[in-house]
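Enquirer: Residue numbers (the UniProt record's numbering), protein chains in the order written: chain A, 1 to 797; chain B, 1 to 292.
What the hints contain is simulated information worked out from the structure, not anything from laboratory work. Honestly, I wouldn't trust all of these hints.
[Unchecked claim] Which chain A residues stay away from chain B? Per the calculated CB distances, all over 12 Å, these: (1) 53; (2) 63; (3) 125; (4) 157; (5) 340; (6) 455; (7) 609; (8) 611; (9) 630; (10) 712; (11) 716; (12) 718; (13) 740; (14) 773.
[What the hints assert, rightly or not] Straight-line Cα separation of at most 25 Å, DMTMM-like style, residue types lysine to aspartate or glutamate; simulated pairs: (15) 457/A to 207/B; (16) 255/B to 404/A; (17) 315/A to 257/A; (18) 43/B to 462/A.
[What the hints assert, rightly or not] Derived, one-sided and incomplete: chain B residues facing chain A with beta-carbon distance under 8 Å: (19) 122; (20) 189; (21) 190; (22) 288.
C-beta: ideal position from N, C-alpha, C; glycine also.
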Amino acid sequence: MTIIEERAANPAAGDDDRPIGYGRIQRKEDPRFVRGKGHYVDDIVLPGMLHGAILRSPVAHARIVSIDTSAALAHPGVVAVITGQDLLGLKLAWAPTLSADVQAVLATDKVRFQGQEVAFVVAEDRYAARDALELIEVDYDVLPPVIDVRKALDPGAPVIRDDIEGRTDNHIFDWEAGDAAETDAVFASADVVVSQEMVYPRVHPAPMETCGAVADFEPIEGALTLYETSQAPHAHRTLFAIVSGIPEHKIRIVSPDIGGGFGNKVGIYPGYILAVVGSIVTGRPVKWMEDRSENLMSTSFARDYIMQGEIAATKDGRILAVRSTVLADHGAFNATAQPSKYPAGFFHIFTGSYDLQAAHCKVTGVYTNKAPGGVAYACSFRVTEAVYLVERLVDMLARKLEMDPAELRLKNLIKPEQFPYKNKTGWEYDSGNYEQALRKSMQMAGYDELRREQQEKRDRGELMGIGISFFTETVGAGPRKHMDIVGLGMADGAELRIHPTGKAVVRISVQSQGQGHETTFAQIVAEELGIPPEDIDVVHGDTDQTPFGLGTYGSRSTPVSGAAVALVARKVREKAKFIAAAMLETRPEDLEWEKGRWFVKGDPSVGKTMAEIAMGAHGTVTLPEGIDGNLDAEVTYDPPNLTFPFGAYICVVDVDPGTGHVTVRRFIAVDDCGTRINPMIIEGQVHGGLTDGVGMALMQFIEFDAEGNNLGGTFMDYLIPTALEVPDWETGFTVTPSPHHPIGAKGIGESATVGSPPAIVNAVVDALAPFGITHMDMPCTPARVWEAMQGRPRPPI
Amino acid sequence: MQIPASFDYVRASTVDDALALLDRHGPESRVVAGGHSLLPMMKLRLARPEWLIDINELYELDYVLRDGNTLRVGAMTRHATLLASPEIFRLFPIVADAERVIADPTVRNRGTIGGSLCQADPAEDLSTVCKVLRAEAVIRGPGGERVLSMDDFHRGAYETAVAHNELLCEVRFPIRPRSGSAYEKVERRVGDWAVVAAGAAISLAADGTMDDVAIGLTAVGVAGTVTEAEDLLRGRHPQEDLFLEAGRLAALASKPIADQRGPIDYKRHLADELTRRVLRRAAARAAEAQEG
Numbered sequence: 001m002t003i004i005e006e007r008a009a010n011p012a013a014g015d016d017d018r019p020i021g022y023g024r025i026q027r028k029e030d031p032r033f034v035r036g037k038g039h040y041v042d043d044i045v046l047p048g049m050l051h052g053a054i055l056r057s058p059v060a061h062a063r064i065v066s067i068d069t070s071a072a073l074a075h076p077g078v079v080a081v082i083t084g085q086d087l088l089g090l091k092l093a094w095a096p097t098l099s100a101d102v103q104a105v106l107a108t109d110k111v112r113f114q115g116q117e118v119a120f121v122v123a124e125d126r127y128a129a130r131d132a133l134e135l136i137e138v139d140y141d142v143l144p145p146v147i148d149v150r151k152a153l154d155p156g157a158p159v160i161r162d163d164i165e166g167r168t169d170n171h172i173f174d175w176e177a178g179d180a181a182e183t184d185a186v187f188a189s190a191d192v193v194v195s196q197e198m199v200y201p202r203v204h205p206a207p208m209e210t211c212g213a214v215a216d217f218e219p220i221e222g223a224l225t226l227y228e229t230s231q232a233p234h235a236h237r238t239l240f241a242i243v244s245g246i247p248e249h250k251i252r253i254v255s256p257d258i259g260g261g262f263g264n265k266v267g268i269y270p271g272y273i274l275a276v277v278g279s280i281v282t283g284r285p286v287k288w289m290e291d292r293s294e295n296l297m298s299t300s301f302a303r304d305y306i307m308q309g310e311i312a313a314t315k316d317g318r319i320l321a322v323r324s325t326v327l328a329d330h331g332a333f334n335a336t337a338q339p340s341k342y343p344a345g346f347f348h349i350f351t352g353s354y355d356l357q358a359a360h361c362k363v364t365g366v367y368t369n370k371a372p373g374g375v376a377y378a379c380s381f382r383v384t385e386a387v388y389l390v391e392r393l394v395d396m397l398a399r400k401l402e403m404d405p406a407e408l409r410l411k412n413l414i415k416p417e418q419f420p421y422k423n424k425t426g427w428e429y430d431s432g433n434y435e436q437a438l439r440k441s442m443q444m445a446g447y448d449e450l451r452r453e454q455q456e457k458r459d460r461g462e463l464m465g466i467g468i469s470f471f472t473e474t475v476g477a478g479p480r481k482h483m484d485i486v487g488l489g490m491a492d493g494a495e496l497r498i499h500p501t502g503k504a505v506v507r508i509s510v511q512s513q514g515q516g517h518e519t520t521f522a523q524i525v526a527e528e529l530g531i532p533p534e535d536i537d538v539v540h541g542d543t544d545q546t547p548f549g550l551g552t553y554g555s556r557s558t559p560v561s562g563a564a565v566a567l568v569a570r571k572v573r574e575k576a577k578f579i580a581a582a583m584l585e586t587r588p589e590d591l592e593w594e595k596g597r598w599f600v601k602g603d604p605s606v607g608k609t610m611a612e613i614a615m616g617a618h619g620t621v622t623l624p625e626g627i628d629g630n631l632d633a634e635v636t637y638d639p640p641n642l643t644f645p646f647g648a649y650i651c652v653v654d655v656d657p658g659t660g661h662v663t664v665r666r667f668i669a670v671d672d673c674g675t676r677i678n679p680m681i682i683e684g685q686v687h688g689g690l691t692d693g694v695g696m697a698l699m700q701f702i703e704f705d706a707e708g709n710n711l712g713g714t715f716m717d718y719l720i721p722t723a724l725e726v727p728d729w730e731t732g733f734t735v736t737p738s739p740h741h742p743i744g745a746k747g748i749g750e751s752a753t754v755g756s757p758p759a760i761v762n763a764v765v766d767a768l769a770p771f772g773i774t775h776m777d778m779p780c781t782p783a784r785v786w787e788a789m790q791g792r793p794r795p796p797i
Numbered sequence: 001m002q003i004p005a006s007f008d009y010v011r012a013s014t015v016d017d018a019l020a021l022l023d024r025h026g027p028e029s030r031v032v033a034g035g036h037s038l039l040p041m042m043k044l045r046l047a048r049p050e051w052l053i054d055i056n057e058l059y060e061l062d063y064v065l066r067d068g069n070t071l072r073v074g075a076m077t078r079h080a081t082l083l084a085s086p087e088i089f090r091l092f093p094i095v096a097d098a099e100r101v102i103a104d105p106t107v108r109n110r111g112t113i114g115g116s117l118c119q120a121d122p123a124e125d126l127s128t129v130c131k132v133l134r135a136e137a138v139i140r141g142p143g144g145e146r147v148l149s150m151d152d153f154h155r156g157a158y159e160t161a162v163a164h165n166e167l168l169c170e171v172r173f174p175i176r177p178r179s180g181s182a183y184e185k186v187e188r189r190v191g192d193w194a195v196v197a198a199g200a201a202i203s204l205a206a207d208g209t210m211d212d213v214a215i216g217l218t219a220v221g222v223a224g225t226v227t228e229a230e231d232l233l234r235g236r237h238p239q240e241d242l243f244l245e246a247g248r249l250a251a252l253a254s255k256p257i258a259d260q261r262g263p264i265d266y267k268r269h270l271a272d273e274l275t276r277r278v279l280r281r282a283a284a285r286a287a288e289a290q291e292g
């Protein structure tokens with residue numbers, strides 16, 4: 001089932017102003033944000049609270065000879081200075097990562113990346129804490145670092161992780177998907193093969209709010225309250241219990257308003273643990289809030305994949321197979337956040353949106369002397385890298401075959417009747433109508449006219465490029481039988497209570513970092529129960545207030561938690577039927593539902609609204625046997641499959657032939673995220689993701705020099721695009737509901753970040769076609785574009 | 001939050017007051033105007049002044065005045081004021097060109113011309129603009145006032161002739177008839193430092209030949225203006241082949257370093273490309289001024 005809708009010229013036209021359910025309503029959380037009344041971790045002030053600051057390594061690789069903290073301890077206002085040696089005694093010097101590795105909380109033996117945590121100062125105020133950092137004397141015996149990932153596995157390379165017994169190299173894992181022999185056979189008989197090495201450079205999520213925590217350990221009860229910037233408070237609680245030994249029922253994690261996450265706030269950083277240790281040691285609450293450079297230099301980066309990709313096709317443009325080998329830089333500790341069985345995330349969806357005969361990929365993960373992380377920045381667990389690879393390969397194939405890239409895609413897209421579609425690496429795509437989405441984006445763009453304009457400009461020596469990407473994501477992880485994070489199944493809970501007056505509160509296990517959960521989830525309940533969204537409170541982020549679940553990342557909130565919320569509302573609706581029947585003195589099977597009320601079949605005038613039923617449930621009505629006197633319910637949703645949002649993007653760029661400067665002139669984004677709950681929130685997510693895409697494609701790169709110095713440690717060096725670098729986004733959509741999802745929703749949070757970089761790079765490469773360029777790596781900065789125009793494009797690393 | 005090292009702060013009310021405070025607090029004191037360069041450097045602890053002397057209340061230095069054939073601009077004039085001034089746009093379109101690409105509106109609302117010149121960042125735009133317009137800097141100190149050419153004002157990267165107990169008070173731009181000027185910058189993103197930028201000013205004689213030409217380059221290690229190219233153009237009619245040669249000479253004169261913004265050959269190329277572009281535009285504007 002597919003529904004096509006055009007966005008009305010006036011976005012408000014045709015929309016119900018106050019829909020009871022789905023529709024374009026303003027975000028319920030925005031009044032507090034636009035008035036500056038959001039309440040973030042750094043706004044939290046507790047009585048007697050101390051402030052922590054972290055001393056970080058200035059070098060990438062060194063043995064710690066000694067640490068002298070005496071001068072820092074003597075500094076006015078300093079209460080405690082904690083080093084790795086102190087943590088060894090508490091068995092907290094090392095903490096498990098989300099990828100079956102360990103990470104140093106404070107370095108004990110060596111430092112392994114520039115910016116690594118070395119000591120923690122706790123002081124009466126943040127100024128004293130910061131000043132005292134300069135008084136700590138650390139004697140480093142500098143070691144040769146491993147910075148060039150291509151040399152990380154060389155036989156003579158320095159061994160970074162000599163803390164792991166028996167470790168003699170920097171190899172972390174090899175992982176593969178698909179059938180190598182079958183793929184090689186298809187390649188061997190193919191008419192055309194295109195190969196290209198592509199680098200997806202290291203980038204950083206750079207949320208507006210950096211990471212931080214306020215830890216409050218109460219020694220008499222042995223209870224810990226931890227306010228932290230977390231995308232996954234429940235998972236954090238369990239992990240803190242395991243790591244710290246504090247019983248889980250004594251731990252409360254609160255993730256208040258969060259200023260953006262993008263995957264940056266999934267993992268547990270040393271700073272959070274140090275705040276807790278600081279509170280335990282001093283007996284007072286401790287706040288730790290990192291600064292911008294700490295965030296950019298030490299917290300989860302994203303990407304850093306060197307991908308060798310190949311695509312095979314017949315000479316008339318039938319794509320047969322893809323294969324890829326990837327070298328993945330995981331930094332000094334393997335701390336990526338992803339389902340346990342998938343060390344390369346969901347990279348194996350690199351088969352894209354095409355009907356292929358074979359596919360195979362192999363990913364090798366290695367250690368380097370760089371910050372740890374790897375899965376972050378709105379990437380849907382490496383779908384970003386996968387989509388970039390296949391969409392660039394398809395464009396290169398089109399060039400080789402002298403076919404229009406749109407035509408080549410149209411010829412090879414999976415057809416609507418092929419869904420559910422099993423790809424060659426183990427995914428089952430739930431639903432799709434790809435051709436329709438691509439044709440719609442082409443129509444919105446005026447594709448043929450753009451190609452004519454491009455030809456005219458080329459004749460005049462002007463450089464205009466048109467880039468297409470068609471992406472399919474796999475999001476909403478995931479089925480418990482396949483997916484867990486450190487043993488926790490990736491399910492999510494929801495609890496719904498209808499108060500006696502018919503107002504409601506829904507408690508969810510996922511947490512918003514700006515996605516609009518307080519609105520979207522209220523709308524889901526509203527749609528199911530007919531209670532206006534403004535009468536429904538959405539509670540999230542506090543483990544004492546919400547049911548267990550794995551949190552917000554990988555576009556999973558709506559696919560997983562959204563399903564839980566719809567199901568819990570349906571459970572309440574069903575219960576309401578029995579109560580209404582009691583109130584109406586009839587049988588439940590004689591009742592019929594219309595949005596907001598149960599009524600007697602054949603006599604619509606006789607019925608009970610949800611508010612009346614709620615009062616009845618809590619009132620004096622004699623309830624049927626087995627029906628409790630409330631209108632509450634709870635569920636935990638285990639998704640049967642992932643969901644597969646898709647989209648067709650077209651980007652138009654102009655390149656200044658004299659300077660190499662790229663201007664994104666137009667960007668057309670047609671997204672299909674299944675059922676659309678709040679179109680305005682969806683558009684906001686798309687606009688943000690497209691802007692991210694411009695950042696990655698044109699300007700962003702966490703670069704290191706040969707010594708391992710991070711060259712992207714401030715916003716002066718790591719560039720975030722602004723409104724001045726982006727065009728007026730042109731969004732459109734189709735609606736192909738997910739057949740297995742209770743409301744057919746697929747998730748939208750990362751679509752634009754995933755889909756836009758290849759569209760932009762394809763457009764840049766297309767603009768440079770007159771120079772014979774078939775590929776250039778991101779970021780397409782003016783200098784790098786100019787180098788490509790000189791016939792010497794080079795990888796960024 | 002990045003936290004600077006400890007410092008004291010005092011607000012000056014007049015130029016005399018500011019000079020007295022500078023004198024009292026000595027070389028470890030710094031004046032702060034817009035603060036968009038100094039404060040980030042302090043937060044990164046690259047700058048650690050003991051005293052900050054806030055001159056934002058020196059309204060006496062916030063003016064744009066025409067005085068005969070001189071345009072006098074107070075050192076505390078904000079970028080936004082310069083950008084919004086029709087008089088400046090008419091007389092010195094290069095200032096508007098440059099101001100449009102200086103940082104972003106937020107910075108332009110606070111940053112000042114005096115702050116930009118005194119910061120003397122090698123990638124700073126107004127330094128090039130002032131050199132090209134042959135502006136003069138008016139500096140006041142305990143010994144009174146002195147007026148310096150921009151070449152004498154600039155002493156290299158982050159260094160100027162302003163002593164610790166002096167204050168840049170005014171920038172004077174000579175107004176020339178039949179003149180045109182232009183500025184163009186390549187940057188990775190709005191608000192980033194220039195990869196390279198170039199500025200040019202051309203004054204035409206009555207016969208249409210160029211009686212003065214100035215060419216300046218930003219962020220490529222050129223201290224003054226590109227005299228070799230200026231000498232080539234002076235006395236000639238504006239024409240494309242001359243501009244091509246001027247561009248080549250500008251590239252030769254430039255001494256860029258490789259960094260994240262680009263390699264040396266690219267920056268040299270930009271010096272060439274942008275010089276040609278600004279010469280063309282300055283010449284066209286001068287021709288318009290001549291006709292007008």
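Enquirer: Hint by hint, say whether it matches the structure.
Expert: Taking the hints in turn, this is what the structure says about them:
With a least beta-carbon separation of about 8 Å from chain B, residue 53/A fails to lie farther than 12 Å from that chain, contradicting its non-interface assignment. Distance check on residue 63/A: its Cβ is at least 26 Å (rounded) from any Cβ of chain B, clearing the 12 Å threshold; non-interface status holds. Some Cβ of chain B comes within 12 Å of the Cβ of residue 125/A; the nearest lies about 10 Å off, and the non-interface call is violated. Distance check for residue 157/A against chain B: the nearest CB is about 26 Å away, which clears 12 Å, and the non-interface claim stands.
For residue 340/A, the condition that its CB be more than 12 Å from all CB atoms of chain B holds, with the nearest at approximately 36 Å. No Cβ of chain B approaches the Cβ of residue 455/A within 12 Å, the least distance being about 25 Å, so the stated non-interface status holds. At roughly 51 Å, the least C-beta separation between residue 609/A and chain B is larger than 12 Å, which holds for a residue marked as non-interface. For residue 611/A, the condition that its CB be more than 12 Å from all CB atoms of chain B holds, with the nearest at approximately 47 Å.
The Cβ of residue 630/A lies farther than 12 Å from every Cβ of chain B, with a closest approach of about 46 Å, so its non-interface assignment holds. Residue 712/A, annotated as away from the interface, has a beta carbon of chain B within 12 Å; the closest lies near 8 Å. Under the 12 Å C-beta cut-off, the non-interface status given to residue 716/A relative to chain B is violated; the minimum distance is some 7 Å. Distance to chain B contradicts residue 718/A as a non-interface residue, since its nearest Cβ pair spans about 10 Å, not more than 12 Å.
No beta-carbon of chain B comes within 12 Å of the beta-carbon of residue 740/A; the shortest separation is about 42 Å. Listed as outside the interface, residue 773/A is consistent with that label: its C-beta sits roughly 16 Å from the nearest C-beta of chain B, beyond the 12 Å cut-off. For a cut-off of 25 Å, the pair hint linking residue 457/A to residue 207/B is broken: about 38 Å separates their Cα positions. The hinted pair formed by residue 255/B and residue 404/A fails the criterion: a straight-line CA distance of about 44 Å is larger than 25 Å.
Only pairs whose Cα atoms come within 25 Å are accepted, and residue 315/A paired with residue 257/A is rejected, the gap being roughly 55 Å. The hinted pair formed by residue 43/B and residue 462/A fails the criterion: a straight-line CA distance of about 44 Å is larger than 25 Å. For the restraint placing residue 122/B at the interface with chain A, the shortest Cβ-Cβ distance is roughly 14 Å, beyond the 8 Å limit, so the hint is violated. Hint status for residue 189/B relative to chain A: holds, with the closest Cβ pair at about 5 Å, below 8 Å.
Given the 8 Å rule on beta carbons, the hint for residue 190/B holds: about 4 Å separates it from the nearest Cβ of chain A. Among the interface hints, the one on residue 288/B is violated; its C-beta lies about 23 Å from the nearest C-beta in chain A, farther than the 8 Å criterion.
In the structure shown, a violation is registered for the earlier hints numbered 1, 3, 10, 11, 12, 15, 16, 17, 18, 19, 22, in ascending order.
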